[in-house]
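Visitor: So the chains spell out like this:
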Amino acid sequence: MTDIICITGFLGSGKTTLLNRILPLCLNHKKVAVIENDFGDTGIDAGLVAETGAAVRELASGCICCSLRGELKAALQSLVVSENPDLIFIEPSGISRSSDILSALESPAGEGLISIINVVNLVDVSNFEDYLESFGDFYGDQISSARTILFSHQRGLSQERLDMLAAKVSGMNPGATCFLSDWLELNQETLWDFIKGSAVTAPEQIAAKPAAPQGRAGAGVFSSWSGRPDHAFNREELESILDSLAHGQAGPILRAKGFCRAADDSGWHFDYLTGHSEIRPVNSFSGGQVLVIGQILNAQKLTELFRI
Amino acid sequence: MHKDDQMTPKQRMAAFTAGREVDRIPIMPFMGTISARIAGMNLREMRSGPKTEAESQLAGYRRLGHDCLISDYGLHGIGIALGSRVNNPEHGVIAIQEYVLDDLNKIDELDREKVKRKNDPKLTRHYAAAEIMLKEAGEECGLNVNLTGPFTAAASIYPTDKLLRALVKDPENVHRLLRFCTDCLKTVCREYLDLGVGFTICDPIASGTMMKRQNYLDFVYPYTKELVDDLHGLGASAGYHICGNTSKIIEPMVDTGVDMLSLDNAVDMELAKQKVGDRICIVGNVDPTGVMMLGEASNIDEAVKSCFSKAADSPCGFMLATGCDVPYDAPLENLDHFMAAGRKYGQWPLDEARYH
Numbered sequence: 079m080t081d082i083i084c085i086t087g088f089l090g091s092g093k094t095t096l097l098n099r100i101l102p103l104c105l106n107h108k109k110v111a112v113i114e115n116d117f118g119d120t121g122i123d124a125g126l127v128a129e130t131g132a133a134v135r136e137l138a139s140g141c142i143c144c145s146l147r148g149e150l151k152a153a154l155q156s157l158v159v160s161e162n163p164d165l166i167f168i169e170p171s172g173i174s175r176s177s178d179i180l181s182a183l184e185s186p187a188g189e190g191l192i193s194i195i196n197v198v199n200l201v202d203v204s205n206f207e208d209y210l211e212s213f214g215d216f217y218g219d220q221i222s223s224a225r226t227i228l229f230s231h232q233r234g235l236s237q238e239r240l241d242m243l244a245a246k247v248s249g250m251n252p253g254a255t256c257f258l259s260d261w262l263e264l265n266q267e268t269l270w271d272f273i274k275g276s277a278v279t280a281p282e283q284i285a286a287k288p289a290a291p292q293g294r295a296g297a298g299v300f301s302s303w304s305g306r307p308d309h310a311f312n313r314e315e316l317e318s319i320l321d322s323l324a325h326g327q328a329g330p331i332l333r334a335k336g337f338c339r340a341a342d343d344s345g346w347h348f349d350y351l352t353g354h355s356e357i358r359p360v361n362s363f364s365g366g367q368v369l370v371i372g373q374i375l376n377a378q379k380l381t382e383l384f385r386i
Numbered sequence: 008m009h010k011d012d013q014m015t016p017k018q019r020m021a022a023f024t025a026g027r028e029v030d031r032i033p034i035m036p037f038m039g040t041i042s043a044r045i046a047g048m049n050l051r052e053m054r055s056g057p058k059t060e061a062e063s064q065l066a067g068y069r070r071l072g073h074d075c076l077i078s079d080y081g082l083h084g085i086g087i088a089l090g091s092r093v094n095n096p097e098h099g100v101i102a103i104q105e106y107v108l109d110d111l112n113k114i115d116e117l118d119r120e121k122v123k124r125k126n127d128p129k130l131t132r133h134y135a136a137a138e139i140m141l142k143e144a145g146e147e148c149g150l151n152v153n154l155t156g157p158f159t160a161a162a163s164i165y166p167t168d169k170l171l172r173a174l175v176k177d178p179e180n181v182h183r184l185l186r187f188c189t190d191c192l193k194t195v196c197r198e199y200l201d202l203g204v205g206f207t208i209c210d211p212i213a214s215g216t217m218m219k220r221q222n223y224l225d226f227v228y229p230y231t232k233e234l235v236d237d238l239h240g241l242g243a244s245a246g247y248h249i250c251g252n253t254s255k256i257i258e259p260m261v262d263t264g265v266d267m268l269s270l271d272n273a274v275d276m277e278l279a280k281q282k283v284g285d286r287i288c289i290v291g292n293v294d295p296t297g298v299m300m301l302g303e304a305s306n307i308d309e310a311v312k313s314c315f316s317k318a319a320d321s322p323c324g325f326m327l328a329t330g331c332d333v334p335y336d337a338p339l340e341n342l343d344h345f346m347a348a349g350r351k352y353g354q355w356p357l358d359e360a361r362y363h
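So the sequence lines, in the order shown, correspond to chains E and F. Sequential numbering of the first sequence, starting at 79, is according to my numbering. Sequential numbering of the second sequence, starting at 8, is according to my numbering.
Okay, chain F solo, but in the shape it has when bound (with noise of 0.2 Å):
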């Protein structure tokens, strides 16, 4: 347990989700990238083990004391495992440069059994770092698995801008397209699910900035809200996080029925508490980039500090997190001094006075 903490994060989550006391709030800065620096290795040598992989989460967590670890199967997950060619950069997040499907044609050719863990050496290695992460520290802290939502698995295996194009000319085959993104990731959470984990649905892709309301609506929403279905099915929870402005869909995203709503820095936190917060756990959102990479101490204490303002007596609760992943280059000092507001300001029982 982290020196200024009075809870292990498993105590104090278990305590906030059923409403009882905690001695804080809990703070989850998402530490997909930036963590590999504060266990003092690069991000290729992060991904070039299921050691490093949970060294570096590990060494985050004794660091900082934040409330979950994570086993980011990523963003490209799915389509790495059926074939799309990906770069391996030390100091970058991976990127696509061949992709599986050239045509939406030949999705039948795509074979749902190498999502699977026994064929699908990344998954292989994400399961064995969870183990390693659960032995270490499982019994204070829990894992979720960062995972895609099917729009985003489907950017995966096919061109996002040829996607965008096909939800206008083709929306046939789009939709035989998630329906495949979904199974292959109800596959994929059933061999995470012998470990006890949680799960959190990332689907960047899905964002205001790239497709309109009614697009969600039609795409988007179903295939979520089958996979949140079939996940409660299994007993394991749900967060949901859509970056870039999400403030037209925030009703349907909550509709999907995850179990926290985790909101990028281009919502404000007062609407989202207005529109939702009285049926989700609102989670959010200092700005990665603005604060975390380029501000001082100052400024994140006051980023953190109207986060709770806004947010912190949502009536279904308010957990403090960054809009999205601290960018890899960010001072480590800035999780420090964000850690340090979200306990002062954090602190129970919440008071008013130190943050109005």
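Just chain E, with the same shape it has in the complex (with noise of 0.2 Å):
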């Protein structure tokens, strides 16, 4: 069985920056593979396709209304028949309906050889109205498509504006997980947790989950917090800001992890998701350093829990 991840969005969204970005953290998965239907200046970064060793197949399609649909298919075979690879990337073109890809791959020839594991748009979020203002119904399907939204683009965006393209978004498919703050800033391991879906993947577990306030996003956008404590804890006080996240003391929390200073200098790395929490010493700590994965974070409150 070859999973199956989806990118999809429109021109300059950032599909192939998120490709180059998350390729390196496929390692362990052993075969990756790329599908891509865009021919352009900006593709994916050669020298990490021969580092990951990943296999990328071109589609041309030539009549877009017609033809994408069987050379999907024949691509996909071939690749799952010749390579086997475990993870194979679809990067359609900026202009194509994703339920028309979705149904191609879902399609009986798809069945038992591959599994879609996720669907993930990118939104241009500073053209978003232009856009769906001007283009057809095939940018409103990649978005009512997706499992996961992610919002590029933000800078020069007030908070208050953010806010309110996001929930416009979010309400065009109240099903994805859309996570609100600039993906470009989550480390990879994270930015991988989101992009293969498991970072969310019960979000009717997550702690303390309030109704959605007027004038905010929806229920299924989330949004990412920071920050670099140096206060030494011990084992219990840690526990202690583990439970009170636990407990949504900083709004409805998904994940929490990261390093913090212990007393003798040493280190604590601790991870917490939805309900379980770990925390374990580690010997060589350079720095403490903490993200929270939530629903409406109180910053504040959690600048208070860890001391920062």
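Everything labelled a hint here was simulated from the structure, so no lab data went into it. Some clues are possibly wrong.
As the list claims (entries may be wrong) - Quick list of in silico lysine-lysine cross-link-like pairs, DSSO-like style, CA-CA up to 30 Å:
hint, chain 1, residue 1, chain 2, residue 2
1, F, Lys142, F, Lys129
2, E, Lys151, E, Lys109
3, E, Lys274, E, Lys246
4, F, Lys169, E, Lys246
5, F, Lys129, F, Lys193
6, F, Lys169, E, Lys151
7, F, Lys113, F, Lys58
8, F, Lys129, F, Lys176
9, F, Lys176, E, Lys246
10, F, Lys58, F, Lys176
11, E, Lys246, F, Lys255
12, F, Lys219, E, Lys246
To be verified - A few chain F residues that face chain E, going by a derived Cβ cut-off under 8 Å, partial list only:
hint, residue
13, Thr167
14, Asp168
15, Leu171
16, Leu174
17, Val175
18, Ser214
19, Thr216
20, Met217
21, Met218
22, Lys219
23, Asn222
No experiment lies behind these values; they were computed from the predicted model shown. A virtual CB, placed ideally from N, CA and C, is assigned to each residue, including glycine.
Dock chain one against chain two, each of which comes alone in its own frame, and use the hints as you go.
Guide: What follows is the structure in structure tokens.
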């Protein structure tokens, strides 16, 4: 069985940047392949491809309306048969309808061979309203067919405006996980968690999940907070912090992980994921680092808890 | 003439458009690619010269007896003539690999002379193929040139996604490119004119899947109307086909002045009849993939019957067709089933009892 991750989004939304960023993290998947449907000057990084050993196929769709379906199936089948990869990234053309691609993938030919583990749509949030107003249904279809939505090009937008746009996007696909923070600032491991869909496996398990407040993005919208605590904690203090997080004191938390200084200048590694937490000592401590992912995070409370 | 018909396509079309009696309703499956398989060649062979190109169309015509031969100038024709680079697959339609224009500010560097027949080997081939087809079958069957609309022509010069983005970011330059494309298309039409052919304008990129109605009105309609007016001025007919769901732009499509309107299977023929059936002959629209490629005789019969039941009484007439090009991989027998169903339900005089 080959896992499939579709990365969708219009021109300039960051599909190739995202692929270049996460390909190195797929090394623990033995074999990775990429199917691209864009001829253009910004292909995926050739050096990376060599390093990861990823097989790359390009699709040339002559008539956008008719031939893509068959061509995608053929490329997929030949990749699975000849390379037998564990994971295939599909990066469709920026003007394709995701639902057409998914129905081609889910056809009988794909049964038993592949498993679609995530459909990630990148939304160029600064152009979202203009594009939605101008483009035909392919654009909205990419949003409504996604399971995970990431927002690109956030710079220059106020938090208020970003929240409003995210609420609009999320409203077009309430079932999707929207990640509101700038994904370019996530560390690679956390980004990979989102891309493979495991960051939000069971949103209903999120601690202290509230009803979405008025004017804020919908229940599926997540953001992140990060900090660099320098305070030394003992195990009981750290347990108490994670307990506070689990009880929603800084907002509904999905995940919290990182490193904190311990009393003897060694460190702690901690990891909290939907109700389950783990703390273990680490010898080589090189500075405090905390990442929290959740909904409507209370930054002030997080700063207090970690004594930053 | 096909053994199952009493009139040649030419006699039938002339009578049909004049409102006189015919033996059956005209039937026009889109035979752009699958005709090559009927002739026993692959698509690269079909594209290799005028003889193979003509023979592929003629083989399709001899087998089916459908109502028009095609000279397929193609969706990328203008771009290729100007310098866009394409692939040449054996079993697929050609795709652009490198666009001649990478910056909308360089439109002035494009040379319209290049689309003339004397400068374009591809158009030279199509023209020679059209001559062969007309020599072999022109007495009994008409020939239609499949052209693009100005917007799809622009998408063969400059990448579609960038062109769509420019609708938002750089509309002035999009208009300049469309102005240029419209002039190129007028030039190409003139190159075919002495053959006495008709034209079909195909504009897949202008589909509702790609752009909103207002963009159609601003960027597609004016240039298309100008092209249609020009063709009429030259004494040639113009059909019109846009892929995908065109329900929201169907009235302005007819306002361009085209002579018949071909509809993708994403459009409900009943709705098309209600909206524009009193103004234009509507043509359509059996699903090329779901029915023609994946279906069998009974599905095809049912789909054809449904087209007749929805559209046969359309005030300005109805012709049976597929909703888009029949896929190259569709079973050839399905084309026979399609023609048989069309001849059964379309037998003159039409009888509602057959298909209601």
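Visitor: Against this structure, judge whether each hint is valid.
Guide: Results for each hint:
1. F:Lys142 with F:Lys129: With a Cα-Cα distance of about 20 Å, the restraint between Lys142 of chain F and Lys129 of chain F holds, given a limit of 30 Å.
2. E:Lys151 with E:Lys109: holds, 20 Å
3. E:Lys274 with E:Lys246: OK: Lys274 of chain E and Lys246 of chain E at ~24 Å, within 30 Å.
4. F:Lys169 with E:Lys246: holds, 25 Å
5. F:Lys129 with F:Lys193: holds, 17 Å
6. F:Lys169 with E:Lys151: OK: Lys169 of chain F and Lys151 of chain E at ~26 Å, within 30 Å.
7. F:Lys113 with F:Lys58: violated, 37 Å
8. F:Lys129 with F:Lys176: Given that 30 Å is the threshold and the Cα spacing comes to 34 Å, the pair is violated.
9. F:Lys176 with E:Lys246: This hinted pair holds, its Cα atoms lying about 22 Å apart.
10. F:Lys58 with F:Lys176: violated, 45 Å
11. E:Lys246 with F:Lys255: holds, 24 Å
12. F:Lys219 with E:Lys246: Cα-Cα ~19 Å, so holds.
13. Thr167: The hint holds - Thr167 of chain F has a Cβ within 8 Å of chain E, the shortest such distance being about 6 Å.
14. Asp168: Hint holds; Asp168 of chain F Cβ to chain E Cβ min 4 Å, cut 8 Å.
15. Leu171: Nearest chain E Cβ about 6 Å off; hint holds.
16. Leu174: Where the cut-off is 8 Å and the nearest Cβ of chain E is about 5 Å from Leu174 of chain F, the hint holds.
17. Val175: The hint holds - Val175 of chain F has a Cβ within 8 Å of chain E, the shortest such distance being about 5 Å.
18. Ser214: holds, 7 Å
19. Thr216: holds, 5 Å
20. Met217: Since chain E brings a Cβ to about 4 Å from Met217 of chain F, closer than 8 Å, the hint holds.
21. Met218: With a closest approach of 5 Å, the Met218 of chain F hint holds.
22. Lys219: holds, 6 Å
23. Asn222: holds, 6 Å
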